[in-house]
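**Student:** Here the protein sequences line up with chains A and B, keeping their order.
The opening position of the first sequence corresponds to residue 1 in the working numbering, with each subsequent residue numbered one higher.
The opening position of the second sequence corresponds to residue 1 in the working numbering, with each subsequent residue numbered one higher.
Source of the hints: derived by calculation from the structure; they are not laboratory data.
Just to be clear, a hint being listed does not mean it is correct.
[To be verified] Sample of chain B residues lacking proximity to chain A, with all beta carbon distances greater than 10 Å (derived):
| no. | residue |
| --- | --- |
| 1 | LEU36 |
| 2 | ARG46 |
| 3 | TRP54 |
| 4 | SER61 |
| 5 | GLY66 |
| 6 | GLU71 |
| 7 | GLY74 |
| 8 | LEU83 |
| 9 | LEU120 |
| 10 | LEU129 |
| 11 | GLY144 |
| 12 | LEU169 |
| 13 | GLY216 |
[What the hints assert, rightly or not] For the chain B half of the interface with chain A, some residues (derived, Cβ under 7 Å), not all of them:
| no. | residue |
| --- | --- |
| 14 | SER2 |
| 15 | LEU15 |
| 16 | ALA20 |
| 17 | ALA23 |
| 18 | ALA24 |
| 19 | LEU28 |
| 20 | GLU97 |
| 21 | PRO112 |
[To be verified] Derived DEER-like restraints, expressed as beta-carbon distance ranges:
| no. | chain 1 | residue 1 | chain 2 | residue 2 | range |
| --- | --- | --- | --- | --- | --- |
| 22 | A | ALA32 | B | ARG100 | 38 to 44 Å |
| 23 | A | GLY321 | B | GLY66 | 55 to 61 Å |
| 24 | A | ALA351 | B | PRO63 | 42 to 48 Å |
| 25 | A | LEU361 | B | ASP41 | 53 to 59 Å |
| 26 | B | HIS136 | A | ALA32 | 55 to 61 Å |
| 27 | A | ALA348 | B | ALA211 | 25 to 31 Å |
| 28 | A | LEU340 | B | ARG38 | 28 to 34 Å |
| 29 | A | PRO172 | B | GLY51 | 53 to 59 Å |
| 30 | B | VAL138 | A | ARG235 | 30 to 36 Å |
| 31 | B | GLN132 | A | PRO172 | 51 to 57 Å |
| 32 | A | SER344 | B | LEU120 | 49 to 55 Å |
The beta-carbon is built from N, C-alpha and C at its ideal position, and this holds for glycine as well.
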Amino acid sequence: MRIEHQLTVGEGLRQHGVSRRAFLKFCASLAALMALPPSLAPAIAAAIGRARRQSVIWLSFQECTGCTESLTRSHSPTLEGLIFDLISLDYHHTLQAAAGEAAERDREQAMKDNEGKYLLVVDGSLPLGNPGYSTIAGRSNLDLLTEAARGAAALVAVGSCAAFGGIPGADPNPTGAVPVGAVVHDKPIINIPGCPPIPLAITGTLAYFLTFGRIPALDALGRPRMFYGDTIHDRCYRRPFYDQGKFAASFDDEGARQGWCLFKLGCKGPVTHNACASLKWNQGTSFPIQSGHGCLGCSEPGFWDAGSFYRPLSSPVSAVGATVAAGVAIGAAAGLAAALRNRSVRAAARAAHQQVGVNDLGGGDAK
Amino acid sequence: MSQLELLTWARGTGLAWALALCAAGIVLRLAEMLSLGRSVDLAPARLHRPGSGWRTVFTRSLPPPGMFRREPVGYVAGYLFHLGLLLTLFFSAAHIELFRALWGVSWPALPPALIDAVALVAIFSLLVLLAQRLSHPVKRLLSGFADYLAWAATMLPLLTGYLATHHLLLAYPLMLPLHILSAELLLVLLPFTKLFHGVSVFFSRWYNGNAFARKGVAS
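When you get a sec, could you build the whole thing from the sequences and use the hints?
**Tutor:** Here is the structure:
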């Protein structure tokens, strides 16, 4: 798995038969992603080309390997994939050939050799409730992360589990799952959420780090703005239908066949920050909404607990009938109490009412 | 709490509590109001028009003669506001989805452009009514905190809904939960402020219509 650190990225690319034209094209698309002028593409190419292999240590905790699948399978034939290969991925227990003691030794060696410089990528959440739910080589996730984070230049939390707790952290959170940011507080953390994240969001963020030597601009949730700056809704090609009030009411009605907006079918695009609608998946082929299914909101914290995927954003996330019935019962009881009180007040007033007759007028006292 | 978590709370716990408090308040106020009763009219009815109370419920929605001349601002802005509010509330596609989820019934929505227009009319009318309340010496004297609270509680859902729809001022993922929360505030305040007229107006109109008919002034 380890790649010779002395080779620059440019040399490595040439060894893999990647032309300068193709590399520049990649850098131009990176410049566009980073919202930089196209004229900066050669500068980016020069910076990446000169860079030494960035040592990357990848730790996988409570996760499903979907993030790694997304990264390696979907984009493996692309240039982004090659760039990623050319990073020195010193430890990744799914991808590496070494196993057991040898693998752990690799990790320890890489941490020692690149002290203070390596990028620590994490996918999966950490079970703080009971560390026994997820261990590697007999060590808890918390122990491994704390040790590896100490010498890292920065951390990259890949996937919604590492960034926000994800599905392991969903109610009732049986393992006491927490995201990376809940454990590490003294290092910069880049969150690249998604279930899984778009591969280019991962490679693009790493490329940014290689190019500029610093982490990209992040939003309030630690997500790179260049990928998570807009909502799906902002960039959705079905947006004009939303604006016109044309909605699919079921997955096979005329509206669905016409490609109308999926708001009524529970699309979470309006409140989800991600680049699916612009970068798309499978080398720009499509994304969920283009395939006829609403956005699940997977790059937002708590997406799994945000109610049914098939309920519109304007509808309740859970049944309200029981609570409202309780409200009616309490209101009726309070109303009855008020009625009885009013009745007793009225009865007391009647009882206390003194009849005034002509004899009470006082007669000659007024003289 | 992230924006989506705030939205989830607003659509879940917040909505359930707001609806429950609103329902509890309405039942409480109605029970209190109806149980008080009214003095028995011992005089024989002058006119036997049994439907008078029910007719009055509807006929009082029409302006009385001479009102435009007496109160042009209240007349025009008042009607426009109520029409805009009711159309926005009951005929926006997103709101109909809420009613479908709550009551199991739905109906066709009005085009978004029309909803936009009537919402703006309602917002502008509310502003005019506030300006009039502040500038008219008598209305100003009669107005208290509860009146301004009711105005704000009505204005907020309209304003945040319009801003959310058009992605103005704040990002939609934040403005949407704020809109829902503002509507929940309105629901909670409704039974305990003068906004309760939305419910009690039907009872009082029926009572007046019925009582007037007994006195010989049938509607």
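**Student:** Please check whether A:ALA348 and B:ALA211 have a Cβ separation lying inside 25 to 31 Å.
**Tutor:** holds (28 Å)
**Student:** For B:GLY216, which was marked as not at the interface, is the minimum beta-carbon distance to chain A over 10 Å?
**Tutor:** Answer for B:GLY216: holds, closest chain A Cβ roughly 30 Å.
**Student:** Just want to verify: B:ARG46 was marked as not at the interface with chain A; is every Cβ pair farther apart than 10 Å?
**Tutor:** Its Cβ never comes within 10 Å of chain A, the nearest being 29 Å, so this holds.
**Student:** A cut-off of 10 Å on Cβ-Cβ distance, and B:GLY74 was said to be off the interface with chain A. Does that hold?
**Tutor:** Given a closest Cβ separation of 33 Å, the condition holds.
**Student:** Does B:LEU169 really sit off the interface, with its C-beta more than 10 Å from all C-beta atoms of chain A?
**Tutor:** holds (16 Å)
**Student:** For the hint on B:ALA20, just tell me whether its beta-carbon gets within less than 7 Å of chain A.
**Tutor:** holds (3 Å)
**Student:** Is 51 to 57 Å right for how far apart the beta carbons of B:GLN132 and A:PRO172 are?
**Tutor:** Roughly 54 Å apart at Cβ, these two residues keep to the hinted range, so it holds.
**Student:** Given the range 28 to 34 Å, decide if the beta-carbon distance of A:LEU340 to B:ARG38 lies inside it.
**Tutor:** Violated, since A:LEU340 and B:ARG38 (Cβ atoms, about 18 Å apart) do not stay within the stated range.
**Student:** How does the Cβ-Cβ distance of A:PRO172 and B:GLY51 compare with 53 to 59 Å: does it lie in that range?
**Tutor:** Since the Cβ atoms of A:PRO172 and B:GLY51 sit about 58 Å apart, the hinted range of 53 to 59 Å holds.
**Student:** Given a hinted range of 55 to 61 Å, is it respected by the beta-carbon distance of A:GLY321 and B:GLY66?
**Tutor:** violated (47 Å)
**Student:** Measuring from the C-beta of B:ALA23 to each C-beta in chain A, is the shortest one below 7 Å?
**Tutor:** Holds. Min distance 4 Å.
**Student:** Would you check whether B:GLU97 satisfies its interface hint, that is, whether its CB is within less than 7 Å of any CB in chain A?
**Tutor:** holds (4 Å)
In this structure, the earlier hints numbered 1, 23, 25, 28, 30 are contradicted, and the remaining ones agree with it.
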